[in-house]
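Each protein sequence line maps, in turn, to chains A and B.
Using the working numbering, you'd call the opening residue of the first sequence number 1 and step up by one each time.
Using the working numbering, you'd call the opening residue of the second sequence number 275 and step up by one each time.
Hints are computed from structural coordinates only; laboratory data are not their basis.
On a predicted model such as this, the values are computed, not experimentally measured, just so you know.
Each residue gets a CB set at the ideal place from its N, CA and C atoms; glycine is no exception.
The reader is advised that the hints may include incorrect statements.
[Stated by the list, open to error] Per label pair, the in silico range of CB-to-CB distance: (1) B:Leu388 - A:Arg271: 34 to 40 angstroms; (2) B:Arg333 - A:Leu211: 23 to 29 angstroms; (3) B:Glu341 - A:Pro21: 41 to 47 angstroms; (4) A:Pro21 - B:Lys337: 56 to 62 angstroms; (5) B:Trp380 - A:Thr26: 30 to 36 angstroms.
[Unchecked claim] Output of the computed footprint for chain B on chain A, the stretches with three or more beta carbons under 8 angstroms from beta carbons of chain B: (6) 31-42; (7) 102-108; (8) 115-123.
[Unchecked claim] Below, in silico cross-link-like pairs of lysine to any residue (SDA-like), each with a Cα-Cα straight-line distance of 20 angstroms or less: (9) B:Lys397 - B:Glu384; (10) B:Lys288 - A:Gln272; (11) A:Lys70 - A:Trp125; (12) B:Lys397 - A:Lys70; (13) B:Lys397 - A:Gly108; (14) B:Lys379 - A:Ser32; (15) B:Lys337 - B:Asp383; (16) B:Lys379 - A:Val20; (17) B:Lys337 - B:Asp419; (18) B:Lys397 - A:Thr40; (19) B:Lys337 - A:Ser32.
Chain by chain, the residues:
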Amino acid sequence: MTTIDLPTPARLGRPTTRRVPIHAVTLRRLISAERVKLTTLRSTWITYAVAFAGMTGFGVLSSWAMTSQKPIPRDFNPVSQSLAGMDLAQLAIGVVAVLVITGEYATGMIRSTMSAEPRRLPVLWSKVAVFSVVTFVTMLVAAFASFFVAQAVMGPHATTLGAPHALRSIVGAALYLTVAGALAMGLGFLIRSTAGGIAATFGLLLVLPLLGSLLPTNWQQHVLPYLPNNAGNALVGVHPVPGGLSPWVGLAVMVLWAGVALAAGAWRLVRQDV
Amino acid sequence: MIEVEGLTKRYGDKLAVDDLTFTVRPGVVTGFLGPNGAGKSTTMRLILGLDRPTAGTARVNGKAYSEHPAPLGEVGALLEARAVHTSRSAYNHLRAMALTHGIPKWRVDEVIDLVGLGEVARKRAGAFSLGMGQRLGIAAALLGDPEVVMLDEPVNGLDPEGVRWVREFLRDLAAEGRTVFLSSHLMSEMQLTADHLIVMGRGRLVADVSVHELTDASRSTTVRVRTPDAGHLRQVLAGDGVAVSSQPPDVLEVRGLTSEDIGRRAAAAGVVLFELVPQQVSLEETFMELTRDAVEYHARPSSERIAA
Chain A
1 MTTIDLPTPA
11 RLGRPTTRRV
21 PIHAVTLRRL
31 ISAERVKLTT
41 LRSTWITYAV
51 AFAGMTGFGV
61 LSSWAMTSQK
71 PIPRDFNPVS
81 QSLAGMDLAQ
91 LAIGVVAVLV
101 ITGEYATGMI
111 RSTMSAEPRR
121 LPVLWSKVAV
131 FSVVTFVTML
141 VAAFASFFVA
151 QAVMGPHATT
161 LGAPHALRSI
171 VGAALYLTVA
181 GALAMGLGFL
191 IRSTAGGIAA
201 TFGLLLVLPL
211 LGSLLPTNWQ
221 QHVLPYLPNN
231 AGNALVGVHP
241 VPGGLSPWVG
251 LAVMVLWAGV
261 ALAAGAWRLV
271 RQDV
Chain B
275 MIEVEGLTKR
285 YGDKLAVDDL
295 TFTVRPGVVT
305 GFLGPNGAGK
315 STTMRLILGL
325 DRPTAGTARV
335 NGKAYSEHPA
345 PLGEVGALLE
355 ARAVHTSRSA
365 YNHLRAMALT
375 HGIPKWRVDE
385 VIDLVGLGEV
395 ARKRAGAFSL
405 GMGQRLGIAA
415 ALLGDPEVVM
425 LDEPVNGLDP
435 EGVRWVREFL
445 RDLAAEGRTV
455 FLSSHLMSEM
465 QLTADHLIVM
475 GRGRLVADVS
485 VHELTDASRS
495 TTVRVRTPDA
505 GHLRQVLAGD
515 GVAVSSQPPD
525 VLEVRGLTSE
535 DIGRRAAAAG
545 VVLFELVPQQ
555 VSLEETFMEL
565 TRDAVEYHAR
575 PSSERIAA
């Protein structure tokens with residue numbers, strides 16, 4: 001008896017066996033892809049280096065300058081002074097956070113990203129996760145470095161990690177920068193353009209507090225503490241600002257701002273054509 | 275297999291894709307033809323879920339693209355617009371894409387070799403020429419060894435050797451039983467690569483035919499006859515399905531009869547013929563004919579431009 005080779009239905013579709021192993025897209029796989037994407041851009045390394053240098057350089061320099069003048073200002077505090085570079089670092093962190101998103105829109109990379117994960121929203125989560133971990137770790141190291149080096153240059157005015165609120169301030173600085181970055185990412189997803197995203201981020205973080213101070217005085221107390229930068233300062237500051245929020249309420253308010261920005265960004269990501 | 279049903283996409287008040295229905299089958303190369311602005315790229319973006327349709331559906335291997343757990347294993351796509359971060363190297367771009375689907379590193383090296391980018395894989399994609407960019411896009415499309423390969427103007431910017439490589443490569447993919455769908459605005463390119471054609475104009479389906487049928491259709495068109503006795507010949511030829519028109523008084527354009535038929539009938543009627551020429555219409559002209567009403571942007575004839 002002879003066997004007849006019938007054309008198999010598989011001939012009319014994909015070759016029967018897969019030669020190339022391939023797996024379902026998961027959050028874990030997206031995160032590993034986003035990690036590679038973040039670390040393989042030179043701009044990432046440059047902006048993180050700038051953030052690190054801003055944080056430590058300005059913290060140490062201003063600590064040295066402040067303690068070498070006489071008399072020392074009355075509100076001088078060796079912990080806060082050593083973390084003075086945070087405002088500088090936030091510029092670089094805000095830029096890199098926006099660029100992680102808008103760089104993909106500007107170059108068209110977003111089309112590749114979204115064809116690999118057409119459900120879209122997991123891309124937002126994985127980007128935020130990778131960025132947050134990297135930012136928190138690098139900025140925590142920068143904050144500690146800035147604290148210790150600054151104490152070393154402040155001579156008799158120096159303090160130690162055991163000082164009241166020192167540890168909370170240091171960790172708070174890294175937390176603030178991370179959450180501010182997440183807020184910037186939300187604005188990046190919402191606005192999709194680099195210039196617009198950066199303008200919105202710094203408008204919110206830097207310009208809004210200035211505008212807030214133009215409000216009638218009796219309104220200010222209800223508005224100013226809740227602006228993102230002021231809420232962040234409550235988290236980082238050693239001494240509570242009069243009328244300001246407590247540190248952890250400050251963090252909660254910051255997280256809320258970031259959450260609103262990310263929700264708005266997610267809305268546009270899911271609803272609108274890429 | 276790609277199945278498009280009633281697909282419609284409206285941008286503001288402009289209908290980019292208008293109630294499009296067609297099926298792209300495995301095992302053959304299907305060309306997607308239409309003038310610039312016809313809606314080909316939009317249709318491909320709709321198939322990939324990058325744009326949401328206003329109405330209708332596009333399914334790939336039985337499901338919407340976004341419903342596949344590992345979409346890069348179903349469809350590999352090269353879009354017309356660049357889709358690579360210009361500051362990242364080709365290798366790292368492909369590695370990041372591969373990681374989303376747990377595709378091993380050896381496959382990244384393999385597709386880089388396959389498209390011949392080995393020497394430049396570590397360079398910034400932004401420094402690539404148009405042709406190298408196309409090769410990188412093709413490499414990305416092949417990464418997941420997909421059943422459907424969908425390429426938007428793949429030979430754009432390629433040198434002649436590259437064009438031939440793409441053509442043969444696509445034929446091989448189809449021969450393996452895969453679905454190959456590629457767009458072009460050039461009929462001449464399709465004539466060499468495609469087995470089947472989907473022709474689009476102004477967002478609408480204009481034709482869904484095999485290249486064979488189209489070639490036959492263009493062959494049986496008109497015959498030009500020059501004769502001193504045009505009036506008589508016209509009467510002789512008149513009949514079912516025959517259309518005769520004349521421009522100079524001694525020339526007839528005959529549709530619906532072969533030159534052999536005309537010659538025999540003329541001889542039987544004793545009509546003298548000076549010329550009997552079948553007018554071979556190229557596929558290019560057939561395509562122009564098909565899409566004449568559907569072209570978005572018309573160039574005015576140069577004489578008109580001068581007059582204006």
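Here is what the structure says about each hint:
no.: 1; hint: B:Leu388 - A:Arg271: 34 to 40 angstroms; in the structure: holds (37 angstroms)
no.: 2; hint: B:Arg333 - A:Leu211: 23 to 29 angstroms; in the structure: violated (51 angstroms)
no.: 3; hint: B:Glu341 - A:Pro21: 41 to 47 angstroms; in the structure: violated (21 angstroms)
no.: 4; hint: A:Pro21 - B:Lys337: 56 to 62 angstroms; in the structure: violated (21 angstroms)
no.: 5; hint: B:Trp380 - A:Thr26: 30 to 36 angstroms; in the structure: violated (21 angstroms)
no.: 6; hint: 31-42; in the structure: holds (count 8)
no.: 7; hint: 102-108; in the structure: holds (count 4)
no.: 8; hint: 115-123; in the structure: holds (count 5)
no.: 9; hint: B:Lys397 - B:Glu384; in the structure: holds (17 angstroms)
no.: 10; hint: B:Lys288 - A:Gln272; in the structure: holds (17 angstroms)
no.: 11; hint: A:Lys70 - A:Trp125; in the structure: violated (50 angstroms)
no.: 12; hint: B:Lys397 - A:Lys70; in the structure: violated (55 angstroms)
no.: 13; hint: B:Lys397 - A:Gly108; in the structure: holds (18 angstroms)
no.: 14; hint: B:Lys379 - A:Ser32; in the structure: holds (13 angstroms)
no.: 15; hint: B:Lys337 - B:Asp383; in the structure: violated (30 angstroms)
no.: 16; hint: B:Lys379 - A:Val20; in the structure: holds (11 angstroms)
no.: 17; hint: B:Lys337 - B:Asp419; in the structure: holds (18 angstroms)
no.: 18; hint: B:Lys397 - A:Thr40; in the structure: holds (12 angstroms)
no.: 19; hint: B:Lys337 - A:Ser32; in the structure: violated (27 angstroms)
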